[in-house]
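Start from the sequences and build out the full structure, keeping to the hints where you can.
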Amino acid sequence: MALGKELARYAVLHQRLFGKYHPFLMPRPNARVRRAIRGTVTDFLRRNKMPLIDTVAMYIYLTRGGYQQPNRLSAIYGLMWITPKVCKAFADENIPVVTYIDSGLISLFDTLIQRFNIDVKLRTNIKRIRRFRNSPNGNVEIQYSRRDDPFRTFSRYYDFLIVSPPMRNLMNVMDASNKERKIFNRQITDTYFISSLVDHPYGIRSDRPNDAFPETLLRYNFEPYASIDIFSMTQNFSGEPYTSGLTPGGFDGRKVQSSVIYQLGRLDPKIPFVMRDAENKLWRHMRDKQRIPYSVVARLICPYFTRFSVRDMDRGFIWDVLDLQGQRNTWYIGGSVTFDSAGAVIQYNNKLLRHYVPPQRGYILP
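Residue 195 in the numbering used here sits at position 195 of the sequence shown; the count goes up by one each step and never skips.
A few of these clues could be false.
What the hints assert, rightly or not - When the alpha-carbon atoms are kept at most 30 Å apart in a straight line, the in silico BS3-like pairs for lysine-lysine are as follows:
id, residue 1, residue 2
1, K49, K5
2, K20, K85
3, K49, K20
4, K255, K281
5, K5, K20
6, K270, K255
7, K20, K88
8, K127, K182
9, K5, K88
10, K85, K49
11, K49, K88
12, K270, K182
13, K127, K5
14, K127, K179
15, K270, K127
16, K121, K270
Treat the hints as calculated values from the structure; they're not laboratory data.
The structure is reproduced here in structure tokens:
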């Protein structure tokens, strides 16, 4: 009850600061609002006397999602993600805070390719990006090589460029302007993400297929912090039948569970001893859950959540990126703007497309 009252008060404060807006990124605040939202998520919540949200809701939502602990993260990021709509979902268990696409994000990607007849070029190495004004060939030149022909350089021209990876990572190949360098060189990435698809016996189960391990959330040392039984989630299995192992693990009816297990840490897993430590922590987790023997079917390792520092967010860098949109025929989305939530990316893209009619030819840098 006390948490619910705090969430309601937070929602009222959020609307008083920013009003109603759509989508995702609120309008650039004035000086009064900037002072009210300065500092970290924790600073903001403590100034407004919301200790329960600080220790429970914000802690779980921001940290479990991999977006840093509230005492390290700009309050603006927290306010972007924890909206009045999300507060309502926290207070009502029948409203999902996070929703999933049953067939996976790849199905969304495939649908976009088919619907808009997009020419996707994979297995390419971008060597150079040059941008021009009113060029007869096109305003953007992409020089690249292919994996099957690495010593040959190809060149293609486009009318515009959409950048989805962190712009900071492209400075060595792009003709970046001074303004772009000033903003994007300030991006930081200090978290690394390991996602493992693991086949294993049922072992010890909770009452739901998406499980969190809050005791590991704050440590950021590659201890598993969450797991998802994808099949059981899509089939809405839960409760005693799921806990007791009475539900099937897949369409074949076998009692073998396929889980995606998430690990976060501050050291790069490309360093051999870091990866060995992460694998050992996964093994101990599976042992404690009585899920041995197990096999890792697939694994994704990547830097996670490129962002701006608290100080740079207080200075308005996230809105400075918005002001850059469309300059030099370039549009920034995804990792160059906020983070890699599909929902956030889609909402931000919709915001851009409201004000933009594209030329005929464009290149999306994935």
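Exercise for the section: Mind listing which of the numbered hints don't hold for this structure, in increasing order? Expected result: 6, 13
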